Amino acid sequence: DGGITQSPKYLFRKEGQNVTLSCEQNLNHDAMYWYRQDPGQGLRLIYYSQIVNDFQKGDIAEGYSVSREKKESFPLTVTSAQKNPTAFYLCASREVATKETQYFGPGTRLLVL
Amino acid sequence: AQSVAQPEDQVNVAEGNPLTVKCTYSVSGNPYLFWYVQYPNRGLQFLLKYITGDNLVKGSYGFEAEFNKSQTSFHLKKPSALVSDSALYFCAVRDGGGGRRALTFGSGTRLQVQP
Chain A
1 DGGITQSPKY
11 LFRKEGQNVT
21 LSCEQNLNHD
31 AMYWYRQDPG
41 QGLRLIYYSQ
51 IVNDFQKGDI
61 AEGYSVSREK
71 KESFPLTVTS
81 AQKNPTAFYL
91 CASREVATKE
101 TQYFGPGTRL
111 LVL
Chain B
1 AQSVAQPEDQ
11 VNVAEGNPLT
21 VKCTYSVSGN
31 PYLFWYVQYP
41 NRGLQFLLKY
51 ITGDNLVKGS
61 YGFEAEFNKS
71 QTSFHLKKPS
81 ALVSDSALYF
91 CAVRDGGGGR
101 RALTFGSGTR
111 LQVQP
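Residue numbers (the working numbering), protein chains in the order written: chain A, 1 to 113; chain B, 1 to 115.
By construction, these hints were calculated from the structure, which means they are not laboratory data. Be a bit skeptical, because a hint or two may be false.
[Unchecked claim] In silico DSS-like pairs for lysine-lysine, Cα to Cα no more than 25 Å straight-line:
(1) Lys99(A) <-> Lys58(B)
(2) Lys49(B) <-> Lys99(A)
(3) Lys71(A) <-> Lys99(A)
[Unchecked claim] Facing chain A, according to a computed beta carbon distance under 8 Å, are these residues of chain B, among others:
(4) Gly43
(5) Leu44
(6) Arg100
(7) Arg101
(8) Phe105
(9) Gly106
(10) Thr109
(11) Arg110
[As the list claims (entries may be wrong)] Here are a few chain A residues that sit away from chain B, every Cβ distance over 10 Å (derived from the structure):
(12) Ile4
(13) Ser7
(14) Leu11
(15) Phe12
(16) Gly16
(17) Thr20
(18) Asn26
(19) Ser65
(20) Ser67
(21) Ser80
(22) Ala81
(23) Leu90
(24) Glu100
(25) Thr101
(26) Leu113
Note that the structure is predicted; figures quoted are calculated from it, not measured. Positions of the beta carbon are idealized from the N, C-alpha and C atoms, including for glycine.
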């Protein structure tokens, strides 16, 4: 899992609650990504960020929000608007300047109470 | 839009036998292709990638992949499977240039290596 940490490992959300998933990297990578993984499916892109203070919606951004105030941190908030949040969430980072490989953190499993 | 297909949900192979996990792709332009492996409740580990050059790409843990442009395939191979290779394998293609460079993943293939 390299130099990317995600916390917590498991997270429980109650109805109507916002929860925040942490992603930190010490690889000095510029780009960071959030993906969602559901059983039997590949990963789907939620949000991505190329540089600090900039981020873009991915393919399934509805019900999620992010911030990128520091290069090493890219937290994801799952809002109450996300009606089906139960999934495995994976954060990744990539060194820019034509480096293509993304490296992934260990993931956070979000469950709804 | 870019896409990848992994036609097998599961592949079973005996330890010591060669293994192949299949992947086909659809892209506009030159393909940037990747293989990742995932162990239960873990993140994805990078195995190898094809950007350009030799059609046979060597990666981590003895894995290799063969890029075939005419068949739009990028199959993952290993000459001799180990029980510890049992895991979920994902093929992916780069989706978008510039700063996005996200990955579009296949649905995954579960590899089961029997002792």
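| request: Starting from the hint list further up, note which numbers the structure goes against and sort them upward. | output: 10, 11, 12, 23, 24 and 25
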